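There are 2 protein chains.
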Amino acid sequence: MKERGSSDPKKRILAAAISLFAQKGFAAVGVREIAAEAGVNIAMISYYFEGKVGILKEIMEEFFRRYFLVFEGVDDESKTPEACVRGLIHNIVNFVRENTELTMVSYNELPLDLPEIAELKAEKIADMIQRISGLVLRMGLDPKDAFLIAVVGPSLISTIFTNFRLRPVMKHVFPFKFDDAYYERYAETIATLFLHGIKGLAEERKGKKRSTK
Amino acid sequence: MKERGSSDPKKRILAAAISLFAQKGFAAVGVREIAAEAGVNIAMISYYFEGKVGILKEIMEEFFRRYFLVFEGVDDESKTPEACVRGLIHNIVNFVRENTELTMVSYNELPLDLPEIAELKAEKIADMIQRISGLVLRMGLDPKDAFLIAVVGPSLISTIFTNFRLRPVMKHVFPFKFDDAYYERYAETIATLFLHGIKGLAEERKGKKRSTK
DNA sequence: CTCCTTGACAAACGTTTGTTTAATTTTTAT
DNA sequence: ATAAAAATTAAACAAACGTTTGTCAAGGAG
Numbered sequence: 000m001k002e003r004g005s006s007d008p009k010k011r012i013l014a015a016a017i018s019l020f021a022q023k024g025f026a027a028v029g030v031r032e033i034a035a036e037a038g039v040n041i042a043m044i045s046y047y048f049e050g051k052v053g054i055l056k057e058i059m060e061e062f063f064r065r066y067f068l069v070f071e072g073v074d075d076e077s078k079t080p081e082a083c084v085r086g087l088i089h090n091i092v093n094f095v096r097e098n099t100e101l102t103m104v105s106y107n108e109l110p111l112d113l114p115e116i117a118e119l120k121a122e123k124i125a126d127m128i129q130r131i132s133g134l135v136l137r138m139g140l141d142p143k144d145a146f147l148i149a150v151v152g153p154s155l156i157s158t159i160f161t162n163f164r165l166r167p168v169m170k171h172v173f174p175f176k177f178d179d180a181y182y183e184r185y186a187e188t189i190a191t192l193f194l195h196g197i198k199g200l201a202e203e204r205k206g207k208k209r210s211t212k
Numbered sequence: 000m001k002e003r004g005s006s007d008p009k010k011r012i013l014a015a016a017i018s019l020f021a022q023k024g025f026a027a028v029g030v031r032e033i034a035a036e037a038g039v040n041i042a043m044i045s046y047y048f049e050g051k052v053g054i055l056k057e058i059m060e061e062f063f064r065r066y067f068l069v070f071e072g073v074d075d076e077s078k079t080p081e082a083c084v085r086g087l088i089h090n091i092v093n094f095v096r097e098n099t100e101l102t103m104v105s106y107n108e109l110p111l112d113l114p115e116i117a118e119l120k121a122e123k124i125a126d127m128i129q130r131i132s133g134l135v136l137r138m139g140l141d142p143k144d145a146f147l148i149a150v151v152g153p154s155l156i157s158t159i160f161t162n163f164r165l166r167p168v169m170k171h172v173f174p175f176k177f178d179d180a181y182y183e184r185y186a187e188t189i190a191t192l193f194l195h196g197i198k199g200l201a202e203e204r205k206g207k208k209r210s211t212k
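So the sequences go chain by chain: A and B.
Quick note on numbering: the first sequence equals residues 0 to 212 in numbering that gives the first Met the number 0.
Quick note on numbering: the second sequence equals residues 0 to 212 in numbering that gives the first Met the number 0.
Hint data in this document are derived by calculation from the structure and do not stem from the laboratory.
Fair warning: there could be bad hints in the mix.
Just a sample of chain A residues kept apart from chain B, beta carbon distances all over 10 Å, derived [what the hints assert, rightly or not]:
1) Ser6
2) Lys56
3) Val73
4) Arg130
5) Asp141
6) Lys143
Which chain B residues stay away from chain A? Per the calculated CB distances, all over 10 Å, these [said to hold, decoys possible]:
7) Arg31
8) Gly38
9) Ala42
10) Glu49
11) Glu57
12) Glu76
13) Arg96
14) Asn98
15) Ser132
Stretch-level coverage of chain A by chain B, calculated; a stretch enters the list once three of its residues show a Cβ under 8 Å from a Cβ in chain B [as the list claims (entries may be wrong)]:
16) 173-185
17) 188-196
A quick note: this is a predicted structure, and the numbers were derived from the prediction, not measured.
For each residue, glycine too, the CB sits at the ideal point set by N, CA and C.
Please model the complete structure; the sequences and the hints are all you need to start from.
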């Protein structure tokens, strides 16, 4: 059908699957549809990926591989923690912007309990939390306080991801132009939102500690 | 199979479908599975709902019907806007807690572009934004500033909903007991997070306005 | 040349999909 | 009591599902 760019059939299947899964969801897409979109014979899917879920598995692995790079060296101690958080948020927004479909597939199918990927997910997420614990400490929160980490972290991530996830719906509600300026302002806005929010939580924590002494 | 509580077959189908859709997603659940779970003949689904998507449609309508009640009288001018926001957040958390599966189905299938429900969603969301615009104004933001509304609102909602949505994954990462105390602390925490965040955005806005004068 | 692996294909596999049909029971109204 | 309406059933429908089969062409190694 579309005959996606690369001549490597495996890459073409992957690209087609990412696009279709992002649009309709994993379960709603058939292997025939993927094969047609990739301009490839159906049998090639089982040949290269050992079945349909094999594609999803590779997609999620690729997602985490790229996603982890965003957190690389994010806790730069030569900068203020506020600047680090702002930089991190910009990086995440840009990452999702440049890998929208890949991110949407991975994020949408996260809750899906395919035993073949269930283990992968928890491991990767735990890993990710570890990476930002240093920055969390410098922001005035206790990195040992799993509760706050479990609230603020997913809140930030879900905020950004959902902004892309609900794009089709939001386009009918808000008349924005989603250009460079939009994403710049968007990143700045949620950075302000969360920086002030985290500061508020840190202050509350200090207040509690003092009062229990 | 399970023969859900009610004797009304339509209600039993609805209950079974909500449970199954919440677990596996709309596309991954077959009508036979729903019928079996509801203890009902397959043909009853087309008879009562005119097909599988008819069930989803009724589910989403029921969700919005209940969800709107949460925003009823939320902008109580006898209370401070901060107290209103805190109350609203508590109400939303409690609502999702008491309607978890219904909410998860509606939220998960939101991006899905079934033309039969596409119109419904945008309308309902626009309606919802209208309802909180008064409160937004009292919090120091400009309700005409669609951008901030479009950022803060969905951020708060996605934060809460995602907390429930990723529960299966998070259970493998964080060892919490999700009891009354957890939800109480959770609501208080994100209330603090967003109240300070919104205050930060409001201050920034004031600063900008002053500087452009 | 022969041998063997790899890549690609059409075709068919047995299941399962959502929906419909026609017959039958149950309920309601007259 | 009888007729009409509503509820429920088993069975069948074509279509689509994910996977596998057997075959054939191409290419490198010995």
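Structure-based check of each hint:
For serine 6 of chain A, the shortest C-beta to C-beta distance to chain B comes to about 32 Å, beyond the 10 Å cut-off, and the non-interface label holds. Against chain B, the non-interface label of lysine 56 of chain A holds: every CB pair exceeds 10 Å, the least being about 16 Å. Against chain B, the non-interface label of valine 73 of chain A holds: every CB pair exceeds 10 Å, the least being about 20 Å. The claim that arginine 130 of chain A is not at the interface with chain B holds, since no C-beta of that chain comes within 10 Å of its own (minimum 14 Å).
Separation of aspartate 141 of chain A from chain B is adequate, the least Cβ-Cβ distance of about 13 Å exceeding the 10 Å criterion. Under the 10 Å C-beta cut-off, the non-interface status given to lysine 143 of chain A relative to chain B holds; the minimum distance is some 13 Å. With 10 Å as the threshold on Cβ separation, the claim that arginine 31 of chain B sits away from chain A holds: the shortest Cβ distance comes to roughly 15 Å. Chain A leaves glycine 38 of chain B outside its interface by the beta-carbon criterion, the shortest separation being 24 Å against a cut-off of 10 Å.
At roughly 24 Å, the least C-beta separation between alanine 42 of chain B and chain A is larger than 10 Å, which holds for a residue marked as non-interface. The non-interface label for glutamate 49 of chain B is consistent with chain A: the shortest C-beta to C-beta separation is roughly 20 Å, beyond 10 Å. Against the 10 Å criterion, glutamate 57 of chain B stays outside the reach of chain A, whose nearest CB is about 19 Å from its own CB. The beta carbon of glutamate 76 of chain B sits about 24 Å from the closest Cβ of chain A, which is more than 10 Å, so the claim that it is off the interface holds.
Non-interface call for arginine 96 of chain B relative to chain A: holds, since the shortest CB-CB distance, roughly 15 Å, exceeds 10 Å. Interface exclusion of asparagine 98 of chain B from chain A stands, the closest Cβ pair being 17 Å apart, more than 10 Å. Every Cβ of chain A is farther than 10 Å from the Cβ of serine 132 of chain B; the closest lies at roughly 13 Å, confirming the non-interface assignment. Proximity of the stretch 173-185 of chain A to chain B, defined as three or more residues with a beta carbon under 8 Å from a beta carbon of that chain, is established by the 5 residues found.
Counting residues of the stretch 188-196 of chain A whose CB lies closer than 8 Å to any CB of chain B gives 8, so the stated coverage by that chain holds, three being the minimum.
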